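Peer 1: Residue numbers (the working numbering), protein chains in the order written: chain S, 27 to 547; chain Z, 27 to 547.
Everything labelled a hint here was simulated from the structure, so no lab data went into it.
A hint or two may mislead.
Unchecked claim - To be clear about the criterion: a stretch of chain Z counts as covered by chain S if any three or more of its residues have a C-beta under 8 Å from a C-beta of chain S, and this derived list gives those stretches: (1) 95-109; (2) 287-301; (3) 493-503.
To be verified - Output of the computed footprint for chain Z on chain S, the stretches with three or more beta carbons under 8 Å from beta carbons of chain Z: (4) 164-173; (5) 324-331.
Owing to the predicted nature of the structure, the values given are computational and were not obtained by experimental measurement.
Note that the Cβ used here is the ideal one computed from N, Cα and C, for glycine as well.
Letter by letter, the chains look like this.
Number of protein chains: 2
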Amino acid sequence: MSEVGRVALLGGGVVGAGWAARFAVNGIDVRVHDPDPHARARVDEVLEDAARAYARLTLAPPVPPGRIEVVASLEEAVAGAGFVQESVPEREEVKRPLLAAASRAARPDAIIASSTSGLLPSRLQADCAGPERVVVGHPFIPVYLLPLVEVVGGEATSLETKERAAALYRTVGMHPLVLDAEIDAFIADRLLEAVWREALHLVNDGAATAGQIDEAIAFGPGLRWSVMGTFMLYRLAGGEAGMRHFLDQFGPTLALPWTRLEGPELTEDLTDRIAAQSDAQAAGRTIRELTRLRDDCLVSVMQGLRTHDHGAGAVLRAYEAKLFSRAHRAARAAPHDLSRPLELHAARVAPDWVDFNNHMTESRYLQVFGDATDALLRFVGADDEYMAGGRSFYTVETHLRHLREVAGGEPLSVATRVLGCDEKRVHLFHRMFHGERRGGSENENELATAEHLLLHVETAPGRAARAAAASPEVLGRLEEIVRAQAPLGPPDGAGRRIAMPGGRSPAGGRVGTASPDGAVE
Amino acid sequence: MSEVGRVALLGGGVVGAGWAARFAVNGIDVRVHDPDPHARARVDEVLEDAARAYARLTLAPPVPPGRIEVVASLEEAVAGAGFVQESVPEREEVKRPLLAAASRAARPDAIIASSTSGLLPSRLQADCAGPERVVVGHPFIPVYLLPLVEVVGGEATSLETKERAAALYRTVGMHPLVLDAEIDAFIADRLLEAVWREALHLVNDGAATAGQIDEAIAFGPGLRWSVMGTFMLYRLAGGEAGMRHFLDQFGPTLALPWTRLEGPELTEDLTDRIAAQSDAQAAGRTIRELTRLRDDCLVSVMQGLRTHDHGAGAVLRAYEAKLFSRAHRAARAAPHDLSRPLELHAARVAPDWVDFNNHMTESRYLQVFGDATDALLRFVGADDEYMAGGRSFYTVETHLRHLREVAGGEPLSVATRVLGCDEKRVHLFHRMFHGERRGGSENENELATAEHLLLHVETAPGRAARAAAASPEVLGRLEEIVRAQAPLGPPDGAGRRIAMPGGRSPAGGRVGTASPDGAVE
């Protein structure tokens with residue numbers, strides 16, 4: 027990074043401003059030149075969006091951000107810069123003289139990269155001083171987030187230039203795809219342009235609207251493309267028989283009028299070449315392994331979209347809401363023996379709840395206990411409608427004991443006691459079990475316990491929450507459970523405090539001690 | 027759902043088996059007919075993959091699964107079924123007689139759907155009895171996961187048939203895209219086929235390999251397509267100036283040789299139509315709002331892929347690893363005053379850490395405290411290398427106090443005391459603050475505390491972990507901190523147990539009480 031020093035950006039549109047954000051977030055100073063008087067405002071706006079995205083993207087401690095200056099001339103921008111990235115409009119007659127001027131103003135060892143989506147680098151570098159250090163680095167919007175950058179050299183570009191450009195892009199979190207030779211539109215834009223032109227035909231013919239075409243991508247094929255490209259996906263679509271089978275089966279459709287683009291003839295030679303390249307991609311992984319990788323990734327992608335209630339994630343959320351409401355109706359309708367611990371919540375250890383040892387992480391124990399608390403509150407009438415009225419229970423104190431590890435994919439169940447309550451407070455004790463509690467010895471299956479003190483509060487927009495009495499109905503239901511469960515006596519492990527055995531107790535006095543030997547197995 | 031009764035599936039390949047899984051997971055009985063003797067094994071395999079995916083997809087309680095029978099004849103499959111889904115090879119001369127036979131064997135009110143990717147329903151229904159109930163329902167592999175299904179009627183198909191088919195697909199969690207009229211390859215496969223043929227040309231010309239083409243999708247454009255379609259993405263690429271600006275700017279590239287597919291002429295009329303359809307899609311949302319939605323979704327998609335260390339997620343993971351190791355080196359190198367609480371961990375409240383009130387959820391407090399514990403352990407030498415030797419610290423007991431809420435996006439810091447230790451045990455006390463602890467009043471910024479008892483263990487593959495002494499170096503470092511911090515005295519809130527004020531204490535004796543009034547603000 028230090029080798030590069032400052033980066034010069036020519037053009038401050040959506041792409042140029044995106045570059046500014048990516049470099050600055052990664053601690054590299056940039057100077058932007060764009061004759062448009064709105065360039066500074068646009069750069070600031072994109073920077074703000076990028077900062078917002080990075081705050082969510084990673085918890086890794088950020089590097090101190092680079093400085094961004096918007097300067098008045100090309101010469102000022104490139105002076106002293108070790109790397110120049112041009113992102114002006116997609117016209118050769120605009121780019122070519124600009125790159126030539128930059129090559130004369132820049133340090134002789136500075137790399138000069140163009141963001142062009144498809145113009146040939148051999149032509150872009152033709153008028154440059156030192157054309158061997160001129161290269162294409164084609165990014166994708168949003169430049170500050172998407173990792174792909176195509177690195178393409180022209181006839182005069184040196185191998186070293188391609189390697190140095192790729193190395194810089196890597197330091198700012200990108201994935202350089204280095205092409206061996208130049209072709210119009212490189213690789214990605216050939217595919218993007220084919221989709222775009224086919225889509226324009228569909229609208230032009232009145233066969234589909236922009237909205238329908240976008241749905242046809244984002245609810246289906248687009249989800250897969252975030253995980254794998256077309257060749258790998260089709261290898262998996264061929265099932266265990268693989269790529270050659272897929273080509274044999276779908277070969278004939280190449281002759282059908284399924285797009286206005288005519289395909290090449292699927293000769294023996296082409297089939298052989300594709301099958302061999304597909305084998306190389308698979309790198310020995312079986313269809314089954316790759317299918318599971320695809321599915322795991324698709325599940326995570328859809329769950330990610332669910333967070334934002336968008337696209338395929340909105341479909342998933344609506345689907346789950348139906349399943350949950352069906353289950354809640356069933357739970358309410360089912361008879362519950364209030365004199366026993368209540369079994370209102372079950373879950374399964376999700377793959378992203380585990381650490382590198384495949385053990386459920388500490389915080390996920392508390393998440394499951396929190397869900398069990400929610401289930402109890404709904405059970406006593408503190409449901410969504412109740413909360414919507416500005417009333418809620420907050421957890422103020424929690425005591426957890428970890429008794430046994432549990433692995434990813436395993437089923438969990440929680441049994442809940444209500445140890446006490448008054449107008450404003452509820453004292454709960456949960457026990458978490460592996461599997462269904464009813465089967466097998468309870469002790470062997472017991473994973474953890476959680477003791478909670480909850481406070482009933484009233485909330486109002488813009489005001490701090492205040493402790494307040496729960497509704498008589500909710501309180502009555504809680505008291506009923508306390509009375510019914512009282513004969514069970516205090517549960518093992520309730521009312522404990524933490525201290526070192528034989529050690530100083532910070533609070534003084536007689537204390538309970540953790541039992542290390544039962545704590546792990 | 028009950029209206030449909032059983033579903034008949036004709037063809038048990040990757041698509042047919044995928045349908046079997048989707049229907050069965052959603053509680054619908056199916057009968058599959060496929061003359062291939064391997065059909066049963068393939069269906070079982072796909073079912074297993076689907077069950078695995080659904081176990082991760084949602085925590086919503088599943089419905090009791092439908093029964094799957096593989097039967098010997100078409101007649102047996104369709105007898106009594108309310109819905110027939112055909113998924114045999116993509117050849118009209120195979121599909122047409124099969125659909126005709128199914129239409130004669132099926133209930134007169136049964137809907138008959140074809141999974142064809144692009145053959146015209148008017149032709150497929152031509153020989154059928156009751157062609158008005160024959161329709162295309164085109165799904166995407168993996169059928170059990172991807173929500174998109176294109177619903178396309180032929181000339182004879184009734185509107186009611188399209189509506190009933192769409193309703194059934196919705197009940198099994200899909201997103202039906204209902205086309206107004208039929209065209210070859212419908213919508214999605216026109217785009218998929220254009221990409222496929224362009225990709226085949228690239229391989230045929232030797233311009234790119236299957237592996238390069240797949241990278242060009244999955245590290246860039248494919249990520250975006252999981253969120254939005256091409257039209258919406260290009261609207262955003264146009265910046266605040268929007269779709270018309272994008273078309274004006276990129277219109278000329280339609281004439282360039284960027285794909286072998288020629289585009290339509292971008293006439294005034296076509297531009298107007300696209301701009302109007304794009305406005306309809308945006309539905310009043312500004313470019314800025316949509317840009318942030320796109321970015322939020324992209325971040326979540328990349329984080330989802332990071333879980334599996336795949337594609338763009340692997341790039342993100344490697345990038346973060348570099349940031350973390352840089353920060354760890356800096357933290358170790360920085361001077362620390364051991365006589366003060368140690369400030370070794372800071373974080374920011376991520377958007378998916380908050381509840382619907384934008385407050386950080388309980389379990390995320392524990393996650394942050396867990397990360398602070400990890401930072402302390404690394405600080406005393408129990409780092410990755412130490413853990414790799416089969417030694418580790420497990421948390422056996424935790425006591426949390428929640429003092430104040432904190433909102434999404436806010437910065438957090440943790441200060442850590444080591445209250446005691448012996449060979450096998452460490453007693454920790456963390457305080458979590460809003461922002462940097464050094465600024466402002468400590469009490470006002472204090473969000474929560476966590477007291478932990480950790481146990482040092484030895485682990486070996488296939489064996490349960492056992493309590494064991496920590497290394498002399500780690501123990502020495504811990505003891506040094508305990509001695510240095512001892513003059514600070516016991517922290518407020520350590521050594522507490524949970525009880526209802528004035529209530530029965532399950533463990534008996536004098537107890538600390540939660541202070542509800544300080545607990546919320």
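Peer 1: Each hint should be assessed against the structure and marked as holding or not.
Peer 2: Hints, verified against the model:
Here's how the stretch 95-109 of chain Z fares: 0 of its residues keep a CB closer than 8 Å to some CB of chain S, so the rule of at least three is not met and the hint is violated. Here the stretch 287-301 of chain Z counts 8 residues with a CB under 8 Å from a CB of chain S, which clears the bar of 3, and the coverage holds. Beta-carbon proximity to chain S at under 8 Å applies to 1 residues in the stretch 493-503 of chain Z; the threshold of 3 is not reached and the given coverage is violated. With 6 residues carrying a beta carbon less than 8 Å from a beta carbon of chain Z, the stretch 164-173 of chain S meets the three-residue requirement, and the given coverage holds.
Evaluation of the coverage hint for the stretch 324-331 of chain S: fulfilled, as 8 residues show C-beta separations to chain Z shorter than 8 Å, against a requirement of three.
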